[in-house]
Each structure stands twice: as C-alpha cells, then as structure tokens.
Amino acid sequence: MKKAFLIVILTIVAFGILNAETKLKMELWNRWTYKMVDGDVEKNELALKRGYFRIEPKFSENIKGRFNVDFFSDEDGLDGAGLKIKYAYLDFNNLLPIKDAKLTVGLMKTYFGTIYDWDYTVIDKDPSDKYKFVSSTDYGFGVFGYFPKGYGTYALAVYNGEGYKKTGGDINKDLNYAANLRFTPVPGVTIGGSYMFKSKYDSQIEDETARGDMVDNPDREEYNLIAGVGKFAYGPVSLLAQYLNKVKSKPNMDDYDDVTTTVMSFMPVFKVNNKFDIVGRYDMYDPNTDEDDDGYNIIIAGFNYHIMRDSKNKPKLFIQTNYEIKQYEHEDSEDESEILIQLRWIFSETINKGK
Amino acid sequence: MKKLIFTITLLALIVVPALAKKENKITIAGSTTVLPIAQATAEVFMDKNPEINISVRGGGSSVGIASIIAGTVDIGDASRHIKSKELVQAREKGIDPYENVIANDAIAIILHKDNPINGLTLEQIKDIYTGKIQNWKEVDGPNMPIVIISRDVSSGTFEVFNTKVLSGATGASGSLMLASNNAVATTVKDTPGAIGYAGLGYVTDKIKAIEVNGIFPSKQTVQNKKYPIARTLHMYTNGTPKGIVKDYIDFILSSEGQELIEEQGFISVK
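Chains as they are written, first to last, in numbering that gives the first Met the number 0: chain Y, 0 to 354; chain B, 0 to 269.
These are computed hints drawn from the structure, not numbers from a lab. Note that the structure is predicted; figures quoted are calculated from it, not measured. Just so it is clear, CB atoms sit at the ideal spot from N, CA and C, and this is done for glycine as well. Some hints could be false.
Said to hold, decoys possible - With a Cα cut of at most 20 Å, we get these calculated PhoX-like pairs of lysine-lysine:
1) K148(Y) <-> K84(B)
2) K84(B) <-> K22(Y)
3) K125(B) <-> K313(Y)
Stated by the list, open to error - Residues from chain Y shown here face chain B by an in silico Cβ test under 8 Å; the list is partial:
4) T152
5) G229
6) Y233
7) T260
8) S347
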C-alpha cells in the first residue's frame, strides 16, 4: 500500500509543481543541546535537529497536495545526514456531499490527540509522539471537516499502521482506525477526544502440526488508544492539558495481563508580547500502571523570542530556549537535565500564483 | 532575598508593560479594498477626536483576519467572509471574530478605456480568465490579445471573484497577479488589451467598467442584488466592538460615515 501511494502521489506532485500554483516552504531547526546526568555531561552538541522542504501544489480550488522531505543531522546517515519523507498526500475538497469537509489520501497526518496540529511551542515533541503512542504521519485515507460557526473539527481515518519511517515488505499489514473530535463551545475553551484501534500480527495462523488448519495466533496484539484534550485560552495566557491512555492486549493468550500506559501533560504559555512567550510543560508518564516506580516526570521551562514574523504574524525567525528536567520514579535512577537552545527559521513563497 | 527581589522586579518589568492597556489607539490592517474606506473615515474620525490615533495598513483580507486571530490589531479589514478554518483557529485561541458589515461593493470588470467592448457575460469572463478565450475578437472585439490581470491569492477580492466568476476553476497561465486594487486599475489603464477586476471604488474615468450579464455595476444594481459580482465589506473585531473601536465603527455606520464611503466609490449599507 505504501509504495503504491508514494509513487502515485510523487508523480502527481511533480506534475503539479510545473502546472499549478505551488507554495514552497522550508524550515530549519539548529539546536544546541547540553545534557547532564548525575553531574556528568552526557551530551554537548550542535546539530541540525530537523529541517524540511515542503511543496504544496494547488491543482484547483478543490485539489491540493503536500509533499514534505525532512532532513536532519544523523551520525549513522550518509555523510552525517538523514532524509525521510514525512508527508505526501492530496486533499480533495468538496468531493464529499458535506460542507467544509475534505478527503485526504496518502502519507498524511495522524488525527490523534494534538499530534496533527503540534507546533512545537516547546522544543520537545507532542506527547503522543514522544511516548510512542502513534506516529505523526502514516499512509492512509480519511475525512477531515469543520463544524459550522467555528464550533470545532472532526476527523475519521484509516491508516496503514506502521508510520512513515518503516519501509519494505516486512511491515505490519493490519490497518489502524482513528476518530477525532474537537469542540470549542465558547471562544477560548476547547475540549476534544480521540480514539484509535491498532493491531499487529494476524489473528489466525496456519497450524504447523496440522495440515492447513487455522488456529488462533498467540502473538496477536491489539491496542486501544484514547486521548482527551482540553485547551484554555484567555488573553495572553493559554493552557493545553492532555490525557493519553493505551491498553495493549493479546486476545489469543489467556495468561497475558493487559498493559496500560498513561500520560498526563500540561503546557501553560504566557504570551508576554508579540516578541516574547514564556512556556512551560509538565508530563507524567507511566508505562505500566500495574507496576510501581517505572515511570518518570518531565518538567520544561523556557521562552520563545520572535525576531521576525511574516505578514500574517506567523513565526519566521525565532529562538527557543528550554530547560528540561527528567525525574525518574525509581530511586536508583538519576535525574537528567538538559538545556536546549534552538534557532528556527522559516521561508515560504508561492509560485505560479493564480494559475 | 536580593535574588527574589531581583527576580520579581525583572518579571514585573516584562509582564506589566505587556498587560498595560493601550489607550486611545486603534490599529487596523487587512483588505486593500477596504483600505480607502478605513483611511477616509479614520481621518475624519481623528479630526473629530484629536485624542485618538488610528493606524491603518493594507496587506489583504487574509492578513486582516490573521491579525485579528493573532490579536495584533483592533480591526481586521476583509472583503470576504471569514473561512471555517480561520474561525476555528480564532475560537481555539480565545478570539471571537465579530463581523461588522460596513459597506456594499461590486467587483467591477475593467478594461482599457479604448476597448470598444461594453459588456460580457459571466461565462465569457470565466472563459477569458481560464484561458479558453485569448483574443478580444472572440467576443466581438478588436483583433488584440487579451492581457489578464488578476489579484494575488491572499486578496479577498480574488477569493470573491474566484467563487462568483471562476467557480473554483483554475486560472489561465500567464495571468498577471497584482497585490492591490490600485495596481490592477493602473495596469489596466496602461495596457490596451487588458482585462482586470477591482472594487467599485477604484473605477475612474481613466478605465472602463463594463456590464456583466447586461447589468452595469452601480449603487442601484448592487442594492437591488441584480449585479452578479456584488459583495459586502467587513471590519472584524474580537467580539462586539467596545470603547473607542465601537465609537469608530458607529461613526462609519452613521450617515456621515456612509457618505464618506460613497465618496470613495463604494455603496452604503443604509
């Protein structure tokens, strides 16, 4: 499914760039990381942590595409660099008989929690991404739409289930199913929730001892994922709160105890002025609720200083500074602390305007 | 203790100016169509209220609405309605975009004044803008290539034209995309084979506005909804206008303000 999608999307996008209004965008994250564990310096590096080049051709008012190549510093990559395709999808507006709804096909956003609109207000990843609940993009198709009068958004999607990083034939063939809702009943108050069902390994396999008989596969894994999101904004202050819950089960194994993973995350932001934001985040991660002292908490404090913004007030050039502490529950594990200073700059231009 | 005092003082220096309310200043940005209305009404309003300062800039409807969402202006001008995506973004950020309709307008189809064509149908205009018709002789005009002048994609005028005339069809390659109504009017004035579109307020005797489907753009044909490419013009505020912003918008909606709007070539909402 992945290869076929990719070939079709790449062909259409390449054709589109020459013949359609196309937005070109590039973003670079140059980051200095200084990490200490138990008083020892574990990391002191300057790297291009992420950069991407994005092409968004607009074939018509109703068909748009996005193709995104990510690049980053990577010791194991060719000449110290890594490369991956992050997005390759097409949006079809007005194809469905629903107002303000679009159908998306390809390597697309994962509509779960806040991962699909995470803008890295703090340097760290979205909680669903950081704690490996879901991959930020995956191959599939889905419907995304807006409720009338700005009351929120909805999404339903089916994914390949392996994310954008894995390629080749030996990948999971079970599909993932996701549903996502966001409501903003009054300005400044948003509540939302997501559900995703994931599975791995066929439910039934051929029994090796009997000819052709199909038997339950004990390795079969099923995951039920839930996200609850609350966003509050008033004047210069905002708070994002998120609860994540993942239950892993093996339905064909009688003596297997389900593993429940939970995350609570809070991210307050104080926008001092158009140049300066004070940011914070507090995460509580528990990989298995049946076990004690296996999790950790993360505390982040920092600021964003905006040097330049574009005409729509979107960030163009800014510095992010974060101080991050990781506190393990287990008393034998030493706390870790990191200082991260990141320069992000963004370039975008639209070519073939109005074509 | 000294450290604590230093920290509190530093925070106060950062936070207090940010929270301090700006008095007697109104900032406006957005649509270049609405720009002359904002400028003309701001000038008179400031003459009447010398203690109030109004800063006005253009940028396009998308910029006006984005600025309201970002909270960087008091009024975001737009010659189109806010989109669903923008409305959701705004509400999630605690912004409640309120649409103040301040004027009516027609998007006039304009030609070089020496062009003998006096009218086109919507279908013919669409065919010109999508490249199916490339010479004026195909619409009973002179044997002269058509030069298509359009607006940039962040323009509300472009969005309305795109919806009402092109119906979402792809524009012709080689169209000249300009950043303001004024630039379109000037280019059409200087280019014999040109066709463009602009708000009624930008139509002067140096260019020629034509009939669309047999209807000439005018106050009467817009108000009786006969002219097919008509629209309303807006000033978006965060919630219903309050304080001096309310006073300014009330002034625009007063008979004096609406007269100023008509003087600029637009159509009153009264």
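Okay, the hints, checked on the actual structure:
Among the hinted pairs, K148(Y) with K84(B) is consistent with the structure: their alpha-carbon atoms are about 10 Å apart, no more than 20 Å. Between K84(B) and K22(Y), the direct Cα distance comes to roughly 18 Å. Compliance with the 20 Å bound is thereby established for this hinted pair. Between the alpha carbons of K125(B) and K313(Y) the distance comes to roughly 34 Å, so the proposed pair goes past 20 Å and is violated. Taking 8 Å as the C-beta contact cut-off toward chain B, the hint placing T152(Y) at the interface holds, the least distance being around 6 Å.
Taking 8 Å as the C-beta cut-off, the interface hint given for G229(Y) is violated, the closest approach to chain B being about 11 Å. Interface hint at Y233(Y): satisfied, since its Cβ lies 5 Å from the closest Cβ of chain B, which is below the 8 Å cut-off. At its closest, the beta carbon of T260(Y) sits 27 Å from a beta carbon of chain B; the interface hint therefore is violated under the 8 Å criterion. Interface hint status for S347(Y): violated, as the beta-carbon distance to the closest one in chain B is roughly 12 Å, over 8 Å.
Checked against the numbered hints above, the structure breaks hints 3, 5, 7 and 8 and satisfies the rest.
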